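Using the sequences plus the hints, can you model the full thing?
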Amino acid sequence: MTSLPTTKPEKKLGLVIDLDICVGCHACAVNCKEWNTGGHSAPLTDIDPYGADPNGVWFNRIHSFEVTNDEGEGRTVNFPKSCLHCEDAPCVTVCPTGASYKREEDGIVLVNADHCIGCKLCSWACPYGAREYDETAGVMKKCTLCVDKIYNPNLPEESRVPACVSTCPAGARSFGDFADPESDVSKLVASRGGFDLMPEQECKPTNKYLPPRPKKLGQAADDIQALTPIADNSAGVIARWIDKFLSA
Amino acid sequence: MHPAKSVIFFTTASGAGYGLLFFLLLGSLFGIIPGDFWFLFLSFGLAYFLITAGLLSSTFHLGHPERAWRALTQWRSSWLSREGVMAILTYIPSGLYAIFKLFLPETGGAAVAVLGVLGAIACIITVYCTAMIYASLKPVHAWANHYVPPGYLLLSAATGAVLVNCLMVLWRAEVFLPSWLAVLLLGASLFWKIRYWKFLDGTKSVSSPESATGLGEFGRVRLLEAPHTEANYLMKEMGFKIARKHAAKLRWITLLAGFALPLLLIVLSMNVTGGFAAFLVILSVASAAIGILAERWLFFAEARHTVGLYYGAEHA
Numbered sequence: 001m002t003s004l005p006t007t008k009p010e011k012k013l014g015l016v017i018d019l020d021i022c023v024g025c026h027a028c029a030v031n032c033k034e035w036n037t038g039g040h041s042a043p044l045t046d047i048d049p050y051g052a053d054p055n056g057v058w059f060n061r062i063h064s065f066e067v068t069n070d071e072g073e074g075r076t077v078n079f080p081k082s083c084l085h086c087e088d089a090p091c092v093t094v095c096p097t098g099a100s101y102k103r104e105e106d107g108i109v110l111v112n113a114d115h116c117i118g119c120k121l122c123s124w125a126c127p128y129g130a131r132e133y134d135e136t137a138g139v140m141k142k143c144t145l146c147v148d149k150i151y152n153p154n155l156p157e158e159s160r161v162p163a164c165v166s167t168c169p170a171g172a173r174s175f176g177d178f179a180d181p182e183s184d185v186s187k188l189v190a191s192r193g194g195f196d197l198m199p200e201q202e203c204k205p206t207n208k209y210l211p212p213r214p215k216k217l218g219q220a221a222d223d224i225q226a227l228t229p230i231a232d233n234s235a236g237v238i239a240r241w242i243d244k245f246l247s248a
Numbered sequence: 001m002h003p004a005k006s007v008i009f010f011t012t013a014s015g016a017g018y019g020l021l022f023f024l025l026l027g028s029l030f031g032i033i034p035g036d037f038w039f040l041f042l043s044f045g046l047a048y049f050l051i052t053a054g055l056l057s058s059t060f061h062l063g064h065p066e067r068a069w070r071a072l073t074q075w076r077s078s079w080l081s082r083e084g085v086m087a088i089l090t091y092i093p094s095g096l097y098a099i100f101k102l103f104l105p106e107t108g109g110a111a112v113a114v115l116g117v118l119g120a121i122a123c124i125i126t127v128y129c130t131a132m133i134y135a136s137l138k139p140v141h142a143w144a145n146h147y148v149p150p151g152y153l154l155l156s157a158a159t160g161a162v163l164v165n166c167l168m169v170l171w172r173a174e175v176f177l178p179s180w181l182a183v184l185l186l187g188a189s190l191f192w193k194i195r196y197w198k199f200l201d202g203t204k205s206v207s208s209p210e211s212a213t214g215l216g217e218f219g220r221v222r223l224l225e226a227p228h229t230e231a232n233y234l235m236k237e238m239g240f241k242i243a244r245k246h247a248a249k250l251r252w253i254t255l256l257a258g259f260a261l262p263l264l265l266i267v268l269s270m271n272v273t274g275g276f277a278a279f280l281v282i283l284s285v286a287s288a289a290i291g292i293l294a295e296r297w298l299f300f301a302e303a304r305h306t307v308g309l310y311y312g313a314e315h316a
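These protein sequences, in sequence, are chains S and E.
Numbering follows my numbering, with no gaps: position 15 of the first sequence is 15.
Numbering follows my numbering, with no gaps: position 47 of the second sequence is 47.
Incorrect hints may have been included.
Below, in silico cross-link-like pairs of lysine-lysine (BS3-like), each with a Cα-Cα straight-line distance of 25 Å or less [said to hold, decoys possible]:
1. E/138 x E/5
2. E/236 x E/5
3. S/215 x S/12
4. S/11 x S/149
5. S/33 x S/8
6. E/249 x S/204
7. S/204 x E/138
8. E/138 x S/33
9. E/236 x E/249
Think of the hints as simulated: they come from the structure by calculation, not from any bench.
Since the structure is predicted, the reported quantities are computational estimates derived from the model, not experimental observations.
The structure is reproduced here in structure tokens:
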């Protein structure tokens, strides 16, 4: 069915992405590609991979933004983006075939590749650009929240998280159940002021982003001052030697 | 948005086809169009040819055309599915009506008239469903507005009326009503399209780079580094960019070739007779076809998608 689940899902699985921690290393995107090219929506095909115009299907992409305040002070924010597994997922309701669906048990949004006709309308309906068309297979593909990993009994308990989460070297990504207010992810979102992307599009995304922590802007110039030698070249040799000794 | 040729042909050809079918049904019900076999055969034939060619071409851009039948299953939730279902349903009453009028013109009476009315209503609903496929896509500001559904209905009616008028002039029938109908609808389309472009130029999406990233409280947001070096599917499909000067030119082509010129040609044709009138109305069809193709190309090319905000667009 391409209608959204009518009953409130027992679980609401999703990700928390901490924009304060992310260093923009792209490891999550690489491991996502690695796992999923052998997973539920395999393969994630590439076109012209070793040529002049390599491109292909990725479920997770890392953008970098520059944010400049009114004082002209800037900061760089690395910004990973994948499917947000929205509660009111427009990609599901526009699907004419029923290939695109949202699971009742955990809210994961998936594509049935055997039913997809490749009309691309779901990718038009998603405001976030979470869906990518596979030219080779002729069907739409998207993040599965590693549905074939998180429930896999052959993996050790601690590995049953999406590939992007298990690989993040900085710990910027967390995975859990947002329907449970006592879960780690729910507490994290509550304590850090987690937010939705484009709430005005009314998709009610499950994934949450945590804002960068306040930065001591305007302090940089003073800090640089502290590093300059107190004595300049006009001071005597001994004074300069003492200055050097004390500065060490 | 990327202007796919198959979708442009589909929406314009089947739009004109449904407009033509609608006016043929109404014209036949009220005895305005000629009732002889060959006129009905050729004009209903042209309507079904345009509709069917359009529908078939819409399946060409699919990744799996052989599964297209599955698109008829989700009419409860999907406008695309509703459009497919309605497109097929429209064939039934309108086709039966045409068969009765062609082969059994003396039978049926009220029952056949009901088929004609149902067919005409189905034409309107089908074109409305086509428009709603676009008007229901919230991330595309140029589409999700109240100008789009009336625009599709108007343009479908206008192109249909231009075709009916042409067919009737060629058949040397009385064309006072169809000619004025075409003039009126072309004028209304011209007005509506200008209103739509005014709206488009004066507003923008509710979403911004700040809301897309949630970083608005820290300041102005701009893309520093894209996630990858080459263009990906999203950028090709949703990030289609058209040069501003081309857009302005194409808008003029749409207004002139699509509406103003056919309108003038039809007014002129009303004042002449015979071969010259036929020449003018054929020209009106050719001009409208060029204009409507430019209009539909722009409808896609000028539409911006919110995903562009993640790829450096300053607004959507």
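Evaluation of the provided hints:
In summary, the hint linking residue 138 of chain E to residue 5 of chain E is supported, as the alpha carbons are separated by about 23 Å, within the 25 Å threshold. Distance restraint check for residue 236 of chain E and residue 5 of chain E: the Cα-Cα separation of roughly 15 Å lies within the 25 Å cut-off, and the hinted pair is therefore satisfied. In summary, the hint linking residue 215 of chain S to residue 12 of chain S is not supported, as the alpha carbons are separated by about 32 Å, beyond the 25 Å threshold. The hinted pair formed by residue 11 of chain S and residue 149 of chain S meets the criterion: a straight-line CA distance of about 17 Å does not exceed 25 Å.
Proximity of residue 33 of chain S to residue 8 of chain S is assessed by CA-CA distance (about 31 Å); at most 25 Å being required, the pair is judged violated. With a C-alpha separation of about 40 Å, the suggested pairing of residue 249 of chain E with residue 204 of chain S is violated against the 25 Å cut-off. For the given pair, residue 204 of chain S sits about 14 Å from residue 138 of chain E by alpha-carbon distance, which is consistent with the 25 Å threshold. A C-alpha spacing of about 29 Å is found between residue 138 of chain E and residue 33 of chain S, which places the hinted pair above 25 Å, so the restraint is violated.
With a CA separation close to 23 Å, the supplied pair residue 236 of chain E and residue 249 of chain E stays within the 25 Å bound.
Violated hints for the displayed structure, listed by number in ascending order: 3, 5, 6, 8.
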